[in-house]
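Chain order of the listed sequences is A and B.
Per our numbering, the first sequence starts with residue 1, numbered consecutively.
Per our numbering, the second sequence starts with residue 1001, numbered consecutively.
Just so you know, these hints were derived from the structure itself, not from any lab.
Being a predicted model, the structure only gives us computed values, none of them experimental.
Glycine included, C-beta positions come from ideal geometry on N, C-alpha and C.
There are no misleading hints in this set.
Computed beta-carbon distance windows for the label pairs:
id	chain 1	residue 1	chain 2	residue 2	range
1	A	Glu146	B	Thr1058	43 to 49 Å
2	A	Ala33	B	Pro1040	54 to 60 Å
3	B	Asp1054	A	Gly88	31 to 37 Å
4	B	Pro1057	A	Ala371	35 to 41 Å
5	A	Glu235	B	Thr1058	49 to 55 Å
6	B	Pro1057	A	Glu235	53 to 59 Å
7	B	Asp1054	A	Gly385	22 to 28 Å
Chain B residues, not near chain A, derived (Cβ > 10 Å throughout):
id	residue
8	Glu1046
9	His1048
10	Leu1063
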Amino acid sequence: MTGATGLTTARQPDPPATPRGLPRLLASVREDARPTSLDEHVRRYGSTRDAVTGPALISLVEASGLRGRGGAAFPTGVKLRAVAAQRGRPVLVVNGVEAEPASGKDRALLRTTPQLVLDGAVLAAGAVGAQEVIVGIGRHAIREREVVAAAIDARRRKRIDGRVSLRVVVAPDAFVSGEETALLQFLNGGPAKPTFTPPRPFERGVGGAPTLVQNVETLAHLALIARFGAPWFRELGTPAEPGSALLTISGAVARPGIHEIALGTPLRELLTDAGGATEPVSAYLVGGYFGTWFAEPAARELLLDEEHLAARGGGFGAGVIVALPATTCPVSEVARVARYLADESAGQCGPCVHGLPAIADSLARITIGEAHDQRLARWLTEVRGRGACRHPDGATRFAASSLDVFAGEIEEHLRYGRCAASDRRVLPIPARGRDRR
Amino acid sequence: MSDVLRVNPIACEGHGLCAELFPERIRLDDWGYPIVDPRPITPELEQHARRAVDSCPTLALLLARTHTNATGAAVGPGRPRR
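The following block holds chain B by itself, in its conformation from the complex:
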């Protein structure tokens, strides 16, 4: 079980702080909205991820629990937690 980044696209207004704070996993599209890397957040990136989540002005960036099945594949993002 580990965390993945998730954007609430309805809440997101494209401020872009997340991409600035966490360029390892977040870049912006042509209109300034974040494109997040779907891979689970590794322990060494956890702090950066949390900083990006905490600084989103519209609370649109989330760390969501993902569950892995028997084969180790991610079974999609679960309930977001902040």
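Just chain A, same shape as in the assembly:
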């Protein structure tokens, strides 16, 4: 490895101290929000040269229990092993598209601590035998692309990555473009739309090579596991879902933004961390636009991990929480999001193409006090699971949860044509024109 002579570590003979407690990923974020430089990064965490890599890292990641932080919570070690077991040299794709409108945590990591993410990418590449790393970043994330490109340059100048080469690719950032098969189809010269599986990415991805697709935050955790080990990683979180996780919280809280929690933390503690509610809240959206609503005040006792939330019909997703103010009309809010999700269908699968607009129309009718289509409940179950990707599943879950949690407000709309709340908009909808090419 040519990187074995890296000068950065020669100046840092002391091994870095093992970090304790929280924050982990956000520990090196500078006060001035400028990206942590390579020198600062190495001073804090040490060089990747002293970290575990190669096949041993796969066993270490398995032992750590790390799960993907892009929304699917798939065990990262299983994915690494599957890619490593394939014939042919694999490619690593860092999925930094983060197309979920209410999420910002991956971009925050790319902007503030790019070297931690790139360390994770280089170490994961080493674990599976990949030499090519592609960092996919959304078209509108201009600052993040600049920061990551500069971070890659800094690594190149110091020759710390041996045979592994890194590059940034600008990817479309429409809602479905962040889906891993959509990103891969785009990298292969096609539209950024999901593909039918199998073959799955670990079998055939970029240029037909076995491809490891990992979310930005997942790789940042992996970089720390490779340095501080599996028992360290398990010091936080639950036995089934160890470690910390980043959350993006918005809506009626004093300090919206990115927060790092131990998985399994009660929502109540996150709210305190976020400065508390600024006004009465009706419900919390947990898990983003593929997620579910939980009404105040019971929602505060929820534990923020996939296992706990899944048992209550929800999911951690990519860690998005929105506190909906009680004065905002939830019916028009969910109708707007349902329309957005229908518009964001890749337009490939019949049940999604026809089902999501029908569902959105039904919800829109409720907002103006007209009875919704009697077939709505049936559509919500029938459309689920019938697309090439999870878009229809997520969109129907969101709509079904909305009907359930806001049943009272819906009743009011049907009776009086509207509800007492204002139409102040809280849930973000990106401007149109985010294409998929």
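Using the hints provided, position chain B relative to the given structure of chain A.
For chain B alone, kept in the frame of chain A given last:
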């Protein structure tokens, strides 16, 4: 190990022949797209299933191998085979 029906929803154009040929396991939704029963195809239905698969104009209907784990539960559809 047995087979389950699977639709490639990107290839499917909703011609609906499958539901006509294999109503025991396939019905159509309000827009004419197939909803398939996820249960494994039993030997006595195998011929009907195959006929439906073979007649799909867009080759969107597939018989996929499913593997069962130690408890006998299906572990999801595997690689489709035609």
